[in-house]
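Chains as they are written, first to last, in my numbering: chain U, 849 to 1260; chain F, -2 to 321; chain Y, 44 to 504.
Heads up, a few of these hints could be off.
As the list claims (entries may be wrong) - Away from chain Y, derived, C-beta distances all over 10 Å, residues of chain U: (1) Tyr859; (2) Ser870; (3) Met874; (4) Leu904; (5) Thr907; (6) Val950; (7) Leu959; (8) Ile1001; (9) Leu1012; (10) Val1018; (11) Val1066; (12) Arg1078; (13) Asp1088; (14) Ile1130; (15) Gln1133; (16) Val1219.
What the hints assert, rightly or not - Over 12 Å on every C-beta distance to chain Y, these chain U residues come out as not near it, computed from the model: (17) Gly1014; (18) Arg1028; (19) Thr1041; (20) Thr1077; (21) Phe1101; (22) Leu1176; (23) Ala1220; (24) Gly1255.
Stated by the list, open to error - If the Cβ cut is set under 7 Å, some of the chain U residues that face chain F in the computed set are: (25) Val928; (26) Thr982; (27) Arg985; (28) Leu989; (29) Phe1058; (30) Ala1061; (31) Leu1183; (32) Leu1224; (33) Val1225; (34) Ile1232; (35) Leu1235; (36) Ile1236; (37) Leu1240.
It should be emphasised that the hints constitute simulated quantities derived from the structure, not laboratory data.
The beta carbon of each residue, even a glycine, is placed where N, CA and C say it ideally should be.
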Amino acid sequence: MKGRPLLYTSYEADQGLLNTTSKKVMLGLFLLVLVSIPFQVIPGLKFLGQGGWLRLLSTTAIFAIGALGLNILTGLAGQVSLGHAFFMGVGAYTAVWLGGPVDGPLLGLGLPIWIWLPAAGIVAALIGVAVGPTAVRVRGLYLAIVTLGLVFIGDYLFRNWASLTGGAQVGRDFPPLEFRWWKEESPVIDFTTPSTWFGVEVSGIAKTFFLLALLAGVYTLLAKNLQRTRVGRAFMSIRDRDIAAEIMGVNEFAYKLLAFGISSFYAGIAGALLASFLTRVIPEQWNLFLSVQFIAIILIGGAGTVTGALLGSAFVVLLPRIVQNFTLWLQSLALEGEGILGAIANVFIATSQTDFGLINTMAGVGPGLSVAQLNLVLYGLLIIGFLIFEPLGLFGIWLRIRNYWKGWPFTY
Amino acid sequence: MITGLVVLAQATADGNAFAQMLVGGISFGAIYALLAMGFVIIFKATSVINFAHGALTGLGAFLVVAFATVLDFPGRFLTSFPEWAQWTANVLTAFAVAALFGVLIERVFLRPMVGEALFAVAIVTLGIDIVVRTITNDFIGTQPRPVGAPWGLNVIDLGWVIIAWSEVIQIVVTIVLLVAIAMFLRTRTGVAMRATAFDQETARAQGVNVGRVFSVAWAIGAFLAAVAGLFYSVFPRRATGVDQATAFIAFRAFPAVIIGGLDSIPGAVVGGFAVGIAESAANTYLGFEFLGNGFPGIVGYLLMMVVLLIRPYGLFGTPEIRRV
Amino acid sequence: MRRKPQWLVLLLVLGLILAACGDGGGGDTTTTAAAEEEPTTTAAPAEETTTSAAEEGAGDVATDVGVDLEAQTLTIGLLSDLSGPFAPLVQVIVAGQEMYWADVNANGGIGGLQVQIETRDTAYDPAQHVQLYEELKTQVVAFGHSTGSPQTMAINPQLQADGILAIPLTWYSGWSDPAINSNLVPHGVPYCIEAMNMIEYLTVQAPDATTIAIASSPGDYGEDSNAGAVLAAEALGLEVVYNGTGLINQADEATLTEVAGGIASSGAELVWVTTSPTPFGSIYGQALAAGFSGALWSGAGPTWNPALVAPDSPISEPLSNDFYISAYYAPWAAESEGNAAVRDLVTAAGADPLDYYAEGVIEATILHQALQTAYDAGDLTQAGVLAAAKSLESVTFGGLAPDETYVGEPNERVQRAQFISRPDPAGLADGTSTGSTLVESNYTSPTAEAFEFNEACFSLG
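With the rest of the complex left out, here is chain U:
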């Protein structure tokens, strides 16, 4: 009813994904902005259309898919898992086994993307379910360490299975993002080279961005939908009070396995896409730090929420670029700025090898933190900070903003 936004007159309306006008409007605007980014038409956001930023946004989309998977497992079903990187690796190597060149020195079957991409997810899911029974037997933080073990075992496997992965430190090329019907000479759609769509020129990276954003959108929809289905409710009941859930008839074992399976499916897809996007991956890439990144994404974004997973991905992927820009700006300030600002900047940043500063410039050899180290420190501090001060993450911040405006001017 108009003017009464929280009055729902049917079950479908209550459970609807876009049940308020504002949600519909926001989604519409968001999609509009997303589509227009590579064409650089919106003032103020034009810089996002550059190659470097488009790459970052594409990476965000891939990480979002992985984060959605981990969100289902950890946020929804309450199972702590540090093994996400392992399942991503599994997905990536399944993809390359099926999609890699047939006549090369390494394993490959030359199949098209509509086979290798879903297969990556399915195989990862199967392995997730296979690992399940061991993981399901243990509880809480024992589980975290078991999944940690998965990452190390996976690292050992990938490094040693050289015919599949290319071997330690060497790696191999991954099948590119292109669409063929079945092993034709040239692809029907090639997402990595520029072409003309509907009369408009689009670059290769823009096409990749559209594809990845589309996939991320599909998986977001699936994940959001999961929350309101029977399976989603079962997950949440296991997270909150698993014994009570079992008494009520929720088969804890089966649903935990299902949670592992679904989350691994997402991880496999994300891993295959990531490897394809990066074109070349060394087996050491699927390490503990990657798993921790996903944990950080859901925590910073807001555990248990789909929007949180998306916000967190954007935040974590874009953070290094932001820190880099910030450091460059500080550096220019220290070198050319006058007065107080310049002096303060000089304390923070070292402008040459003999200058003192907490942070080195890009080439600094001094005692300060390098930019990559600064990234890591900020990253760790953000994880700690969000958990101490804002346990609901970015989503929680968004909630506060939204509630403030909802209740305005009666903010009390």
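Based on the hints, put chains F and Y in the right spot on chain U.
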């Protein structure tokens, strides 16, 4: 039992290799036992799964380097004593400072998290690990830093087995520390710690200063991590010294904790030696081609999975009581 | 009760967002004009030559990216590992490049254009490497170096598609392979030929030796080098009694023990180990402790680090007797014009003596000559600089490194000469040297000379 028979067969077949394997396994196991013990003490007293143990190890090792080679403090004041005594004094000071850092970390980052969900606290320790490890790595620099151990490369050659002096010292020190910790748990503070581990609220009601117990637990944990870090950074492990990879040894000690049981200190020690010997055995006997490179590194985790299948709470862990 | 300043978090997040938006537009301090000029969405890389904005500016020089004729600046990019496994070397190499270009700028730059450097930290991660390449390629005219073989391989297809020049900061033999190197100008002897040189030199020092043990880390570095070692052993009639290629895993000391044990029990008289300094030190120490002695040791250039013979190092003494250092360029204290020039640059900048500055100077010299040639030909576009580099017949370094050439058959132009030194712990302790003394300059062994080079010794796929 079958494993036992296989081991026995191997032992009688090649006694020398077996003995060498055992020596290596026990001395490496000592390092794992120290790490596992520190981890479990922190867990028992504060219920925190400390993913930052690696950072504490790296920090401790670096402090040894700083005090022993760079600052030479307080060795420079003790010139009337022999070199090794000066070095020992420096190292002990480094350990004390490491313990202080442990307390500092607990106060700053973990006090605000008291009462929060355990999962959240564990992730906070992950964050702490990243921050502390990165800053420590920055100080360590990119070259390996030797610790200046006075026993160098010296070994005792018994003919049928070669034992490095550093291995002997590791085992002796570990045993001494085990005894010391066991005795400590009988002192007033130790009993307070055991009480807090058992039931925080009741302990508080009985007048135990829970905050101080937390600090003491972290101090001991950091201290043990530092000792482990030192032993890891000398011959024969990494003769070149402390570098940015030193902190990662702690991750290999997690299986030891789980095998022993997350809340059992004797279990941690048993788990540590078990993992050490398993790795050494894998190194000596499982050098098969198909296993490739680095298999001993994951043997600990495989052993952990097997143990968990049989006993989900570890060998000595207490099963969790779950209430609806 | 504790207070939780949520507004603080809000402020922090907003601040970061503002920082991102604010700096996103003109985030890089140099050549912003070039960044905005490049319409990346509509300019298809394959059609770059027809749609790129080639302007005829003052001085009749064609430019597209990275050169700003009004501001009189020219920008080069460095994809460096500043916080990963090779950070100690690369940080110094970058500093060396900066010193060189500062000197060039003081002497008029390139036709009056002042050279600016944009350095990015890739942390030895191929994904970061590709990302930063994409970011920098619209701002620089060429890449002064690109750290790491898998990383450079990862950007190689893009380099070829975009037509940009890069100097690899690795000595993988593939960079001399015409099937791979259309956009790369290598320098220094490749790993496999280096192995041939050094092993032959060791046999000269120990003429009775008949056995050799080899070991390495996995990857292009170890495999390429050991491929050369195997070829050398064949050519010289040595028996390979232990082959631990690809077995050294820096993160797992069980592998170090295994390799050390293998070497010790093989009883070899010569040992060739290709890895980083830390695992090498462990392996050497453990082999010694197992009773292994009397052999001569050597390894590829990056295996050595002066810290191995530092005063506190337990292996300093035996190592300085057993080890022969291989290098792609002359060490700090060598007597040559090129070395003197490096020493002048470094002392003028107030930095401490280190060998690695020379590498930065060498890379910069090559790029300098390419840029100058391109400028003289009137074409400072990315493609123009690439063509100029590929036309250089002779690049000399005043004795700092052997001459390089980029024209002719691969077998003719692959570098085969290198430098050999012995460890010098005394010099390191009292500061008179950087830990090594030169014994051979521009050395090429007969085996290396006779070797037919047509393709990479080890395939990186």
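>> Let me make sure I understand: some of the numbered hints might not hold for this structure. Which ones are they, in numerical order?
In response: Violated hints (numbers, rising): 4, 5, 10, 14, 15, 16, 17, 19, 22, 23, 29, 30, 31, 37; every other hint is consistent with the structure.
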